[in-house]
Amino acid sequence: MSVPFVLTPGPIYLSNEVREALGREFTNPDIDPNFYEFYKNVCTKLQKLMKTENEVLILAGEGILGLEAACCSLTEEGDRVLIIDNGIFGAGFEDFVKLYGGETVVFKSDYRNEIDVNELKTFLERDHNFKYATMVHCETPSGIKNPVDKICPLLKEYGILSVVDSVSGMGGDELETDKWQIDIVLGGSQKCLSAPVGLTFLSLSKAALDAIYDRKAPVKSFYCNLAAFKDWYKNKWFPYTMPIHLIYALDKTLDRTLSGDFVNRHKVIAEGIRYAVKKAGLEIYAQSGFSNTVTAVLLPEGADFPTLQKYILEDFGILAGSSLGYLENKVIRIGHMGENCTGANMYRFLTAFTYSLEKAGVKLKANLQDNFKKEIEKNGFTVTIKD
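Numbering (the numbering used here), first residue to last: 7 to 393.
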């Protein structure tokens, strides 16, 4: 079976170095003291990526595990939790909080725009009795980046802990965990870091750890209990066996990420994509808060996603994705993140997208790929076109 070139908003392409790391000779991570040092060193690299001095943990499970673990570990019966919602994953936090007995209050915002901080400020002036608040840094289904740099300090003014999902933002969008006063920030391996699916990682502030350790009632889970990792390094003990090969791969991709200016590259490529989309006469779903890592393009009249996906896959060998929920089959999402975020990869995708739209009978004002190439070259990036 031939494998398509995956240009979705995660999981994404793995470099040869990362794939080789998966084949590295392994040890027993439960009893080998060298592995505890290795795990700690990878956590230190994640601290650099997140720009934090807070404790960092790597968990064995896809990014959703981190979101649930944060809510599970913080929430006690009857706790009031603020759900800051302007998208599918922002809304999804409510399910996790309710699952563990929390009482939710939803601050719902426009799904086509970033969170309005002034509206949130007015809301908090009226009601701020919350243990913690949840929000999304980058809403992957819509390509909207939220101003967590302003939201988290605002929450701190009221003593509210913050939980931030940065699964598709971390590594591609700016993230200043300590400067922005984020209590728990969550990432995933398969997005901007271009590592295999299967890991989530998070940083925990002292305030977050205190709230977890000082609970009145036990956490209603074992696997999602972040308190189970207390003193893991001192005691040389993990609550469950670590997926050693996935952590080897994560270590390698962190070296690649930290050695270059990933955020600037993502920013230039993202701006080039948006410029090309607008020049072609297409509409971007997001109206503000544009993400560096994913762009959702509304499909024009006469184009349906299943047909476009079929053309792109069969004629170009590229796997493209739509979105979830209310955006399913209404947009095509361009995943310009991690190893996929290069001029050549995006040029290849935009060529396929242009061709497929025209094949479906949609006339564009300009082809996407040439305007993209022109725009990123203004910023010193090049497109190497391969036969």
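Rather than coming from a laboratory, the hints here were simulated on the basis of the structure. Just so you know, not all the hints are guaranteed correct.
Said to hold, decoys possible - Computed list of lysine-lysine pairs in DSSO-like fashion (alpha-carbon distance at most 27 Å, straight line): (1) K284 to K242; (2) K242 to K51; (3) K365 to K384; (4) K369 to K380; (5) K162 to K104; (6) K273 to K365; (7) K212 to K236; (8) K137 to K57.
This one's a predicted model, so the numbers in the text were calculated from it and none came from an experiment.
Among the hints numbered above, which are violated by the structure, and what are their numbers in rising order?
-> 1, 3, 6
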